[in-house]
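Q: Residue numbers (my numbering), protein chains in the order written: chain A, 1202 to 1497; chain B, 13 to 172.
Treat the hints with caution; some may be incorrect.
[To be verified] Okay, derived cross-link-like pairs now, DSSO-like style, lysine-lysine, Cα gap no bigger than 30 angstroms in a straight line:
no., chain 1, residue 1, chain 2, residue 2
1, B, LYS135, A, LYS1459
2, B, LYS159, B, LYS74
3, B, LYS142, A, LYS1412
4, B, LYS53, B, LYS27
5, B, LYS109, A, LYS1301
6, A, LYS1272, B, LYS164
7, B, LYS74, B, LYS53
8, B, LYS146, A, LYS1342
9, A, LYS1204, A, LYS1378
10, A, LYS1316, B, LYS121
11, A, LYS1204, B, LYS141
12, A, LYS1340, B, LYS146
13, B, LYS109, A, LYS1293
14, A, LYS1296, B, LYS159
15, A, LYS1343, A, LYS1422
16, A, LYS1293, B, LYS164
17, A, LYS1295, B, LYS121
18, B, LYS135, A, LYS1488
19, A, LYS1295, B, LYS159
20, A, LYS1301, B, LYS156
21, B, LYS37, A, LYS1293
22, B, LYS27, A, LYS1293
23, B, LYS37, A, LYS1301
24, A, LYS1293, B, LYS142
25, A, LYS1295, B, LYS164
26, B, LYS142, A, LYS1342
27, B, LYS164, A, LYS1316
28, B, LYS164, A, LYS1309
29, B, LYS146, A, LYS1488
30, B, LYS168, A, LYS1407
31, B, LYS27, B, LYS168
32, B, LYS121, A, LYS1293
33, A, LYS1412, B, LYS74
34, A, LYS1309, B, LYS156
35, A, LYS1342, B, LYS141
36, B, LYS121, A, LYS1407
Since the hints were made in silico from the structure, they are not lab data.
The chain contents come next:
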Amino acid sequence: MGKYLFFKGCTIPARLPNIEKLALEILPEIGIEIQEEENFSCCPDPVQLQGANQYFWLTCAARNLALAEEKGMNILTLCNGCLNTLSIANDKLKKSVELKAAINNVLKEIGKEYKGTVEVKHIMQVIKDDVGYDNLKGKIKKPLNGLRVASHPGCHLLMPDEIIKYDDPTDPEEYDKFVVALGAIAEDYVTKIDCCGVALNLVGDKSANNKCIATKLLDIKNNTSANIISTGCPFCFNQFDMGQIQAAREYTELKDAKIPVLYAIELLGLAMGKSLDEIGYQSHRIKPQIKVWEVA
Amino acid sequence: MEIIKIKYIKDTIIKQSEEIERCFKCSACSIFCPVTLNVSKYNIENAFISQLFGEEELLALKDVWMCSACEKCILVCPQDAEPAEVFNNLKRLSYQKGQAPVGVYAVTKQILNTGLAYDISAKINADRKKIELKELSTNESVSKELKIIAEKTGLKMEGE
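Please take these sequences and the hints and turn them into a complete structure.
A: See below:
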């Protein structure tokens, strides 16, 4: 397994720094070596910037890819949005000679060139493909026995599946294999594959956003025995954590027994023997004490 | 004259996403679109795609930003019409016409000025410092490169 260039993105360093910190600490423990890079920019985000100007969006993504090419390293990201943008850009540019030439014509102005020699991977893909679930099981120090997890892989890790190749977007199970490898129990629910609704938050439609969040939370509450939700996407995380508080103001069924959300890295951290404090749980908006993972 | 202009815009979008001409309005995208399911005024098929063929004016160019680019519509479309690509083009048109939400222009500006999509606030850096992470700062050379890319790719900062 080679060393990866760590693409932190924006949301994790600026909103969820505990996840950045935790990744730097625990990824080497499961055999994933990462190197930091100062000159990456925003990926840029696939929801807003891809729409605003696809040419700008592709060129910025190609600039980031070119930085990794200069280092001769593949990219690892913890964010579904970054994965989506960088993977789609990489695929488009590898497939089209004309597009590559047009983008390189712009990159030339800043002394960069996109060649198409690196791959981009999300941490969940690296765990699946490089580490392997069986191998991961052997590295776990404190199995999360009894913890019931409703996973939400997130749209941009699942689609476009022919490019990202992580899982079946209509019936995903890879994230659940990760949950099971950590010793926890994976719960299934119908709205698992539905978008968290982050764009509704971006356009500021509060009531639509609340409905979108509440639909999933009520599905999890009513149809599973999950103690927590887990995701590997910072946007899904914010929607379910912060968004749950907002949704609960409108949907009274959500008021009692709020469901905490743990990032994939945080769940891994607990299984690697970290305490709730050490994974940064105190920075969450929803933080009920759930004893199940604290059993020594 | 106005109608000619609108038709021109519509033709451009259809030309950019030729696959959409395969659409036979079966509604599969509306049934699976997670936004259509939750927002009564939003309907991926009626509000946007049908308009490309039937209406004189493209309405709701603001609402198009509710699309999360989750690509469920691409997944379920039996005609491989790729509605999500049409949405990218509608977003672009909306952005150029100055009809995108203010947040979209703000985030674009933010990225060009700092390299990051978020404002680098004292609060963020205090949080980072507390857990012994390096403070975030504007990377001037990155910002300079992004501004060159913006200029060369014709990225507009505000609507016309």
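Q: Taking the hints in turn, state whether each one holds.
A: Verification of the supplied hints:
1. With a CA separation close to 27 angstroms, the supplied pair LYS135(B) and LYS1459(A) stays within the 30 angstroms bound.
2. Only pairs whose Cα atoms come within 30 angstroms are accepted, and LYS159(B) paired with LYS74(B) is accepted, the gap being roughly 26 angstroms.
3. Distance check on the hinted pair: LYS142(B) and LYS1412(A) sit about 35 angstroms apart at the alpha-carbon level, beyond 30 angstroms; violated.
4. Under the criterion of a C-alpha separation no larger than 30 angstroms, the hint pairing LYS53(B) with LYS27(B) is consistent with the structure, at around 27 angstroms.
5. Proposed proximity of LYS109(B) and LYS1301(A) is supported: the alpha carbons are some 28 angstroms apart, at most 30 angstroms.
6. Straight-line distance between C-alpha atoms of LYS1272(A) and LYS164(B) comes to about 26 angstroms, which keeps the hinted pair within the 30 angstroms bound.
7. With a C-alpha separation of about 12 angstroms, the suggested pair LYS74(B) and LYS53(B) falls inside the 30 angstroms cut-off, and the hint holds.
8. Proximity of LYS146(B) to LYS1342(A) is assessed by CA-CA distance (about 29 angstroms); at most 30 angstroms being required, the pair is judged to hold.
9. In summary, the hint linking LYS1204(A) to LYS1378(A) is supported, as the alpha carbons are separated by about 24 angstroms, within the 30 angstroms threshold.
10. Of the pairs offered as hints, the one joining LYS1316(A) and LYS121(B) holds, with about 28 angstroms between alpha carbons and a cut-off of 30 angstroms not exceeded.
11. Note on LYS1204(A) and LYS141(B): the hinted pairing holds, with a Cα-Cα distance of about 27 angstroms set against a maximum of 30 angstroms.
12. Taking the CA atoms of LYS1340(A) and LYS146(B), the gap is about 29 angstroms. The hint holds against a cut of 30 angstroms.
13. For the suggested pair LYS109(B) and LYS1293(A), the alpha carbons sit about 27 angstroms apart, so the restraint of at most 30 angstroms is met.
14. Distance hint between LYS1296(A) and LYS159(B) is fulfilled; the C-alpha atoms sit about 27 angstroms from each other, no more than 30 angstroms.
15. For the given pair, LYS1343(A) sits about 26 angstroms from LYS1422(A) by alpha-carbon distance, which is consistent with the 30 angstroms threshold.
16. Between LYS1293(A) and LYS164(B) the CA atoms are separated by roughly 20 angstroms; this keeps the pair inside 30 angstroms, and the hint holds.
17. Taken as a hint, the LYS1295(A) and LYS121(B) pair is honoured in the structure, with Cα atoms around 29 angstroms apart against an allowance of 30 angstroms.
18. Restraint check: the Cα-Cα separation between LYS135(B) and LYS1488(A) comes to about 21 angstroms, which is no more than 30 angstroms; the hinted pair holds.
19. For the hint linking LYS1295(A) to LYS159(B), the alpha-carbon distance of about 25 angstroms falls within 30 angstroms, and the restraint holds.
20. For a cut-off of 30 angstroms, the pair hint linking LYS1301(A) to LYS156(B) stands: about 22 angstroms separates their Cα positions.
21. The suggested pairing of LYS37(B) with LYS1293(A) holds, with an alpha-carbon distance near 28 angstroms, which does not exceed 30 angstroms.
22. This hinted pair checks out: LYS27(B) and LYS1293(A) have alpha carbons roughly 19 angstroms apart, not beyond 30 angstroms.
23. For the proposed pair LYS37(B) and LYS1301(A), the alpha carbon gap of about 35 angstroms is over 30 angstroms, so the pair is violated.
24. A C-alpha spacing of about 41 angstroms is found between LYS1293(A) and LYS142(B), which places the hinted pair above 30 angstroms, so the restraint is violated.
25. Between LYS1295(A) and LYS164(B) the CA atoms are separated by roughly 21 angstroms; this keeps the pair inside 30 angstroms, and the hint holds.
26. For a cut-off of 30 angstroms, the pair hint linking LYS142(B) to LYS1342(A) stands: about 27 angstroms separates their Cα positions.
27. Restraint check for LYS164(B) and LYS1316(A): satisfied, since their Cα atoms lie roughly 20 angstroms apart, inside the 30 angstroms limit.
28. Between the alpha carbons of LYS164(B) and LYS1309(A) the distance comes to roughly 11 angstroms, so the proposed pair stays at or under 30 angstroms and holds.
29. Proposed proximity of LYS146(B) and LYS1488(A) is supported: the alpha carbons are some 26 angstroms apart, at most 30 angstroms.
30. The hinted pair formed by LYS168(B) and LYS1407(A) meets the criterion: a straight-line CA distance of about 28 angstroms does not exceed 30 angstroms.
31. Taking the CA atoms of LYS27(B) and LYS168(B), the gap is near 22 angstroms; set against the 30 angstroms cutoff, the hint holds.
32. About 26 angstroms separates the Cα atoms of LYS121(B) and LYS1293(A), which keeps this hinted pair within 30 angstroms; it holds.
33. Restraint check for LYS1412(A) and LYS74(B): satisfied, since their Cα atoms lie roughly 20 angstroms apart, inside the 30 angstroms limit.
34. Between LYS1309(A) and LYS156(B) the CA atoms are separated by roughly 14 angstroms; this keeps the pair inside 30 angstroms, and the hint holds.
35. Distance check on the hinted pair: LYS1342(A) and LYS141(B) sit about 29 angstroms apart at the alpha-carbon level, within 30 angstroms; holds.
36. With a C-alpha separation of about 24 angstroms, the suggested pair LYS121(B) and LYS1407(A) falls inside the 30 angstroms cut-off, and the hint holds.
The structure fails hints 3, 23, 24 (numbered hints given earlier, in ascending order).
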